[in-house]
Structures are given as C-alpha cells and as structure tokens.
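Protein chains in written order, with the numbering used here: chain A, 307 to 926; chain B, 502 to 848.
Derived by calculation from the structure, the hints in this document are not laboratory data. Some clues are possibly wrong.
[Claimed, not checked] Here are the computed lysine to aspartate or glutamate pairs in the DMTMM-like style, where the Cα-Cα straight-line distance is at most 25 Å:
| id | chain 1 | residue 1 | chain 2 | residue 2 |
| --- | --- | --- | --- | --- |
| 1 | A | Lys507 | B | Asp818 |
| 2 | B | Lys834 | A | Glu737 |
| 3 | B | Lys834 | B | Asp818 |
[To be verified] One side only, chain B facing chain A, incomplete, derived with CB under 10 Å:
| id | residue |
| --- | --- |
| 4 | Tyr577 |
| 5 | Phe668 |
| 6 | Phe698 |
Computed from a predicted structure; not experimentally measured. Glycine included, every Cβ here is placed at the ideal spot set by N, Cα and C.
The residues making up each chain are set out below.
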Amino acid sequence: MTQEKSIKEKPVVEKSAIVVKFVGDSGDGMQLIGTLFAETAALSGNDLATFPDFPAEVRAPQNTVSGVSGFQLQFGHEKIYSVGDMCDVLVAMNPASLKAHLKAAKDGALIITDVDAYNDKTIEKAGYTANPLKDGTLKKYKVIETPVGTLTKKSLEGVEGADVKQSTKSRNMFVLGMLFYIFGKDMKHTNDFLELKFKKKPSVLKSNLIVLKAGYEYAKTIKSIEQTIVVKKAKMEKGRYRNITGNIATAWGLMAAAEKAGRNLFLGSYPITPATDIMIELAKHKSLGVTTFQAEDEIAGICSAIGASFAGAFACTSTSGPGLSLKTEAMGLAVITELPLVIVNVQRGGPSTGLPTKSEQSDLMQALYGRNGEAPMLIMAPATAVDCFYAAFEISKLSLEHMTPAILLSEGYLGSGSELFKIPSMKDLPEIHPPYADPNKKYKPYERDPKTLARYWAVPGTKGLRHRIGGLEKTNVDGFVSTDPLNHELMVKLREEKVMKIAEFIPEQEVFGKETDDLLVVSWGSTMGVVRKAVEEVRAEGQKVAHAHFRYIYPLPKNTEKLLSKYKKIVVCELNSGQFVKYLRSTYPQIPYKQFNKVQGQPFNIHELKDHFTQLIKEK
Amino acid sequence: MDQGPIQNTIGRATGKLTSEDFVSDQMVKWCPGCGAHFILNAVEKVFPEIGYKPENFAIISGIGCSSRFPYYVNVYGFHGIHGRAHAIASGVKLANPGLSVWIPTGDGDSMAIGGNHFIHIVRRNIDVNILLFNNQIYGLTKGQYSPASPIGSVTKTSPNGTIENPFNAGNLVLGAGGTFYARAVDNNIPLMTQIMFQAAKHDGTSAIEILQNCIVFNNKAHAAVTDKDTRDDSQLILEHGKPMIFGKQKDKGIKLDGTQLKVVEIGKNGITIDDVLVHDKYSQNPGIHRMLVNMSLPEYPIALGVIRSALAPTYDDLLTEQISEQRRSSKIKSMDDLLNSGDTWEV
C-alpha cells in the first residue's frame, strides 16, 4: 500500500452514543461482526447493549427480505439502556437488507452498502422496482457505496488458499475493518479472536486478517468519510466486566443459586427458540455438578425436574410459550406437592408457534392463571439482560426457601440481547437456606414453617423421613390422601397464602421520580431500558413523569397499592394487548389505569413512548 | 434366593429386614380380589430380600389403579400425573442415583398417555424397575378399552368391539432397545418375587409386564394363561441356561425350526431334549427374545420369566462418569471461576 503515506489523518468528532445496525443475508456473517464490534467497543470502555434479529429459518432464501439477518448495537459514553430505536450507521450487505431496514435509519445516517450485490435480479428479489442507489431512495442519507465484493477479492489476490468461496465468506471482515477505522477502534480483539478460531486453518486465518486490514485501510481513502467518530469511555462503576446475554445470565443465576444452596442443579428441558441457549450453557457445566437432561418432550422436561426436586436437587426447566402450554399440567403437580422448581419461560410472539424469534410479553396471563384448579405460583420478570442473572438467582432463592414452584418470565429480547455485566463476587450474594426436615423428629409432609408457611423438604435416602406425596389433595400437616371438603378449602387457602407471604421477603416497589408527578408510567420485563430512557427524556424537557418498573409480578410488592394510589394518571406500557394492566385492574380495581400497548414482536421505540407520555400529560 | 449379590452401589441395610419394615399404615383401597393385591404382596416380600436400606427405595407412579401403589409401601413415594411416571422417575434417579427406583404403572399409563416416556426411559437404559400391570382395560375410569385390549374387545367406549390392534408390551420394550424384559402373572407370587429380584439386580431399565386381572371391568381377561387347570400347558416359564420345556409332564419344548419357533413333543418323532432351545437371557441379540415375546395362544404357550437381561451401560452410570471426569479436568471449579472466565476487563 504505497498510497498510505499520502493519506491525511481525518478530523475527529465526539459523540455520546452511536447505534449501528448490521444487516445482510443469513449466511453473510452479520451476527459475527456485530458481536466482534460490540466486544471491541466494550473493551475500549464503552457501555453498550446488543440485539440480534434473525429469521427462524436456518438458511433462509438468499437476497430476499424474509432472509435478512440483523444485529443491532448501541455503544456510548453515557449509560446505555437499550439498543436504541433508529441507527446512526446501517451496514447493508445487499438490496434486500437495505429494503428491510432502511426505515430504521435516522435521517442523515451513514449507510455502507455493497454495490457489488446490486444487479437486476437482486434488486427485483428485494422488492424494489428500480435500483435504490440511483432513484433517489437514499437522498436523505450519507451513502458509502462500496464495492465490497471486488475489493475483498482484490485484497486476496495472490494469497495462498484464498479462493472465490473464501473471498465471498470474508466480505463481512472488510466492512468490519471499515467500521473500526470510522470509529477509531483497535482491531487487536478481532485479530485475537480470528487467530483462536482459525488456529487449525492458517490460510483462512490469513485471508480474514488481510481482508479486515484492507477494509480499515480502504476507509481511510474514502473522501466522503470526512471525519472519524470517537465515543469516549463510559463512566462506569469500578470493577471487572464482561459482556453477557440474558440467557447465559439466566443460566448462571440458576447455577449461582445452586451453589449457594449447596444442591446440585438439575435442568430437565426440551429445545425451543429462544430459550435453548439456557440448556446449551448449562450443559457445559458438569464440573459444577450441573445435570442437563434433554427430555423427549416439554412434559418430560418439567416432570423430570419435578422428580429431581423431590429427590433433593435444585431443579429447573426452561422453555418458551408453546412449551409452557405443554407443561401446565405438571406445573399444577409442582404446586400441590409444594416442591421448589424454577420454570424459565423466555417469551416469544404467540399464540401457537407464532413468532418464534420475536419478543413479546404475552404469556403473563398464562403464567398467572393458566392451570387447572387454583394453582398460585411465584412469578418474577427480569428487567435487563444482566438482571436475568440477579432475577434468576433471586427467584431460585425464594422458590427454595418458600417451597414453591416459580416462573421466571424472561423474553426473547432479553435472552438474546447482551449487556455489560459487572462481575459479582459470590460472597456478596445472599445465602440460601431451604427448610430441610429434621430427621430426628416425626416427619409430617405438610407441616409448615409458621413464618413462611413452607412445608419441610425431606430428601429421599435420609433415614427417618420416608413419606409419600403426590397430585391428590392431602390433609394439611399429616399429608394423607383426603377429599374432605374443609381440608381442601384450607389447603387451597394455604397454598395461596404461602405464595402471598413472599411479599414480606422481597423489597418494596421503587419509583423513579416524585410522588407528586403528573403521570406514573408502569412497566415490567424487558421494556425497562426504553421506558426509563423515554421517562428521563420527557423529564429533561420539564414534564413531571415518574416510572415504576415491576420485577415482582406475583406477589406484587406490598406497597404497590399505596404507591399507585398516589397518582392521578397511570399508564401501563406493555408488549401485549394489556395483560399486566388487566391484572392490576383486578387486583386494585379502585385505581384508574390507562394503557399503552404494542404487539408487533418488536420492542418499544423511545419516541413513540415520549409522544404518548407527552400527550397523556396534556389530557385533562 | 440363589441369584447372587446385588450388583450396584445403593446403600445396604446392615441387619436382616422383613416385610414389616415396608408395610405402610394406609388402608389398601383396591377392589377385593384385584390382582394388584398379589403384586403388592410380592413387593413386600422382595424388598427386604433385596436388602437396601428402606430409605433408599423410591416408588414413583403416574395415574391409574396401579399408581396408588406408593401409598401402600413405607418407602419414599411420589404419586404423579397420568403417563408421566417414567419422566418423573428419570429425574429422581438422575438427581439421586443412590435410590432404588420402582415404577408401578398400567397399560394405559405406560402405553397410551405415557407411551412416549415409556419408550424413552427404556431407550436411555436408566436404572429403574418398571412394574407394568397389564389388565387390558382402563380400571380407574371404569371400563374403557386400553391400547392392550385385544382387537374386538367390547367395552364401554367400544360397544361394537375395538377396531385397533393392541400393543405387545414386550415388543415395545425390545423395539426401544430394552435391556431387561420379563413377564409374570399376578397369581404366581413366587415367580413375581423372583423376577423382581432379578430386575433389582439388573443395571438398566428393567421392565416387568404383569398379566393382572381386573376383577370388575375385565374379569378373566388372562384366564387362558393363568387358570390353574390349564396353566402347565399355556405357560412356558423360562429359566436362564435351562431348556425351554413346559406341559404337565414336562414333555413339550420349544425348538428353532428354520427361522421360526415351534412347539415339539419330546420323545415323539425322534425329538430329544437336545433339540429344545436353551434359554439365554443374556444374549445381546434380541432375535430369540423377540420370538419368545410374540408367542401367543393357542399355537404357543405364553413365555413367562426373565426373557431378556442384556448387559449394557446405564444412562445414570455414564452421566456420573461424565460429571466426575468434568470435575477432574475442568478449570472451572466454582461459580467465581466461571464468572471470571473468558473475556473480561477491568474498569
């Protein structure tokens, strides 16, 4: 590269946060470069959030809108709450991906697209009637038309083992190199990653390294890139950090609870999108005593977990909506046998198979009420990818200490999304003390701890604690099979009261903002980040808006009614048609609620929330 | 019993146990005369013989008359939901391998609503013992046909006779790659206890099909096999290493004729005892086992006893091995190790 010396360093401009979206065909390697860019940004000290957006098909048809795979990230100098609404940079590898995601680009956004991928056929397949690069479609944006295919091929000329196939595969590295230049990021992390990944394929490694560098160098020469962008380090709490997805955080939270409780972790599960990553992660950790049992179906998944719990393990099952439907009968069995069990439901769009890879909050009613008989269960919902760790730990602790099955209502958006995780030390997490039966006392299966109403856990193999439990109603205390009407009513009440009592062991609901604010925004689950950001922004504009984000769903924190009663206007925001609001209306009917809903398999946008809040405040 | 020591490592009792150590204080609520009483009797006899500590037994069931069993034996018991006993028991055994796990189940529980779990526990070869009470009818729901009812059975839900072929439980077990399959009749308690003892000894899933009489809804369904007057000719009681002979005079035998089994009379047409097949329950090849399972009246006697007991690694042993190997070789020894593994950085 002889021209290198003549290139002048470009001026640098500072930004507080940047949203980048990588889109292309399923096989274009968008997830990989998105992840590598995110990790590089994290290592350089930015806060960030990521979210992959991919089709359900393994190899969806090429060059079609339905086959587009995407990866979005926001990195910043400020606290990053979400992956952001609209992107500042859109990397589109072909016309179909441009067609699918252009609407997500801000006015004036930088668009990098591979012009080599544009021909009559691909343009038509994408659903364009004319070439979008030429017909003014992109006039609002700053477009860098890059012949990525040609330049990749050129950079690999004369490189041993670099054939056409390799050159096509490496296109993603070229654009990644370009982005590293534009954002002044170091390529060391990516180089290290490639070296590890292609240790045994030296020619593939070499090609990738060359193409990455070529992209970086090429970006320097582009005139229309007038400046490079710097996003300074975020002000983050001191400590050791890592990047983590919600599903891995969930798996680790469950494992952390097993370690604290001194029980082996057992997961009985069946693969289902988007929850499978939890089982995949847990399967790696036999060294920590974790058993994963890939059952023959969802029912066997939960039933094996119930068996494991009876036998003395800390048992879990993981699933998504349709799988939760299949588990319902067994959930009732866990309720009546009063065994600890954590059911992780990573929600997706429903009903039925619905939108397997898209996120929704529409299983709340199913979690609350979807069982025969009166079968109350502890329910919690994590708020962020990192919170999946803490929520999984906490629900496990409560399930074990209160002898009740519990549902962790995660979401596809949380499970697949990632965030920076300040690594906790195990010694800082609370201890877990399940109520074990005393082998020296006569054991009665339904005798209860008066503080929690939890029955005592008698692990098979222990001398002196032989007993029988099961799905038939039992007498309180003694645990004999019984159809006695008054006993049944008592047991129904006790099971409910036991779960409601958990409210005395969890923190009170917090509010961001003031009691005197004009509007209280209520949310739960994955929407924490966007809703908080929207509330912060309208507050900065002078509006009096408060925000209460619920992690504890059943029972609700004990100050909930008092807290809600303080506000004249309450709006409950959810990614469903209004399930949490329906639940609040039935629980505290005297309080007036408004609702704001979206059921598109997509998260809220900050602007739509802000517009709605602003309008609500104006309303008399 | 002359079966030698129990092979595996479940905690043994120090002293001699008796039936009294296992009798529960619950009233047994099966119908008077029900075959299930005999099976309970056999279990109470065999558990002390097996010699594990009483607290190391767990009985896991689903739904049906058979599945009330856990309440009637004083060990750890779990009465589950319809069809799911095998899935629940899988979790019990894998989470607590020091338990001897027994699954009383029925033909509906294991071959209809729980058919999936049944074939999969057998396929995995998890070390549990299945007592499949086959009465060819739904008893607890009061008389509907089951997947084991013979074609043409007239029941409350098949007033004109069933028009579907029944399952042969042995075929399901062998088809799923089962390592242990035995067949018993409810009115022969010594044979049942002997089989149960061998099941306990076998490492892997032991499936025992018990031809059980439902006195109320399907009385005498197995009479052709179990009747005292005819049973010598209708039952072939298999013993490992012994020729397959039966009949009141012990003069009938089973011979391999080409690719088929054939009933022969010893001493007639030049047939001697040497022509009769010798039973090999340990044979890895299930070919003869399958033919024995499929023998049916009136052409053949019904094969009883341990038909197959093949040696194979169990799921639970392999799991334990993988866990100890990972504990030994992995650098991750605690959650703190895991949390700090891989790409991390200091701020």
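Each hint tested on the structure:
no., hint, result
1, A:Lys507 <-> B:Asp818, "violated (37 Å)"
2, B:Lys834 <-> A:Glu737, "holds (19 Å)"
3, B:Lys834 <-> B:Asp818, "holds (22 Å)"
4, Tyr577, "holds (4 Å)"
5, Phe668, "violated (18 Å)"
6, Phe698, "violated (22 Å)"
Of the numbered hints listed earlier, those contradicted by the structure are 1, 5 and 6.
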